[in-house]
Amino acid sequence: MRCAELSRSQAYFDGEVDAISAADIERHAEQCAECRALLQGLGQIRTAIRRDMTHGRAPPELHARIAHALDQETAIEAPRPVRRGQSTWRVRPFWAGAFGGIAGTAVTAALAFFFLLPSPSSPLLDDLVAAHVRSLMPSHLIDVASTDQHTVKPWFSGHTDVSPVVADFTQQGYRLIGGRADYLEHQRSAVVVYQHGPHVINVFSWAASQPRSPNDASRNGYRMIFWKVGDVQYCAVSDTGREELLSLVRLLQDASHT
Amino acid sequence: MLPHLDAAYRFARWLSRSPGDADDVVQEAILRAFRGFDALRGSDAKSWLLAIVRNCHSTAHRQQQRRAFVPLPEEHDPRDGYAMIAATPDPESASICRDNARTLDRLMSELPEEHREVLVLREIEDLGYREIATVTNVPIGTVMSRLARARATLKARWSTGVEGGL
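Protein chains in written order, with the working numbering: chain F, 1 to 258; chain W, 259 to 424.
A portion of the hints provided could be inaccurate.
[Stated by the list, open to error] Which residues of chain F face chain W? A few of them, derived with a C-beta cut under 10 Å, are:
id	residue
1	Ile45
2	Ala69
3	Arg250
[Claimed, not checked] According to the in silico footprint, chain F covers these stretches of chain W (three or more CB under 8 Å from chain F):
id	region
4	276-289
5	380-390
What the hints contain is simulated information worked out from the structure, not anything from laboratory work. Bear in mind the structure is a predicted one, so any value in this text is a computation, not a measurement. C-beta atoms are modelled at their ideal positions from N, C-alpha and C, and glycine is treated no differently.
Modelling step: build the complete structure from the supplied sequences, incorporating the hints.
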């Protein structure tokens with residue numbers, strides 16, 4: 001007769017049960033020869049596979065081939081590379097968080113081509129773009145991952161100097177995915193993170209001590225829209241189009257007035 | 259530089275069972291990811307990329323099968339792998355094979371694809387059930403039963419093939 005706990009024993013072996021169930025199963029396996037044998041067999045298989053069967057790493061030729069293919073790809077998208085004078089930041093779409101680094105310059109050229117607009121020079125703009133780009137690197141995006149505004153908002157009070165408006169706009173296409181603390185203008189600013197299609201939008205907020213920044217700016221292909229509510233300065237940063245960013249800004253402005 | 263490229267490559271190797279095909283599949287998957295055809299779901303880039311690898315593999319595999327059903331004479335190559343794939347395991351040759359790694363490699367390759375992929379994702383890529391469910395696009399319960407079947411088959415064949423078990 002087959003033990004009814006075999007499936008749970010496998011889940012235990014794979015680290016898929018909580019501590020209480022784990023203790024249960026360990027106790028059970030002391031009594032049950034069938035589950036003991038299963039666990040032993042699973043261990044043998046795992047040991048053998050992890051020792052001998054990896055098929056190793058992608059060969060250097062494949063790295064080179066893919067880098068070349070990505071360069072070709074961006075070359076098609078950006079026939080006329082555009083160079084910006086002082087640009088030091090590479091522009092990356094969201095996926096580049098997963099593949100950080102490769103073909104970055106080509107992507108910069110591709111995106112700068114679409115967003116080439118005059119922008120005032122300001123250390124704040126540089127800081128905002130730097131913070132946005134940094135957030136797209138693996139595991140820098142979110143400190144508190146939640147789609148619930150009632151989880152994200154209280155988190156800020158312990159970690160930042162401002163309490164920004166936090167709301168989810170999934171219905172309108174802007175999904176709240178979490179929050180983050182960042183350092184801007186010599187203070188701990190709050191960043192609310194939204195996902196819009198494949199794009200990430202960072203909404204920065206900090207207590208405004210400086211005169212108001214321009215309403216609208218772009219840097220290295222990133223669009224920034226500034227607005228102010230009371231004494232809190234907001235700035236939304238993303239690589240979306242202006243209208244898409246503006247829609248979120250309007251939603252946030254409406255939310256902070258209700 | 260490309261995180262998860264190694265994982266993508268290993269997974270493609272196990273799916274396609276041929277280094278050349280695996281290279282093509284990985285390249286296609288990375289380009290698809292780059293073009294943003296498949297939006298990143300959640301924040302788990304590894305599962306996301308492996309799911310794209312899997313889609314690219316099944317697309318390529320279907321194309322190969324279509325070609326195989328209506329072979330053009332000049333395309334026909336006796337070295338095409340179908341005879342090899344169809345080859346049945348030979349217990350006698352397994353028992354004389356002293357190279358455990360090669361035996362294990364062969365036994366894993368002989369598993370049905372839906373069993374092989376969950377085993378590889380669990381044991382080699384160290385993904386959890388939920389992530390495996392995302393990559394293979396089946397419910398977690400199915401992941402668990404396929405994993406159990408894969409392990410049972412592997413263990414049984416290994417035990418009959420090699421004296422003294424694993």
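Of the numbered hints stated previously, which ones are contradicted by the structure, given in increasing order?
Number 3 - this is the single hint that the structure violates.
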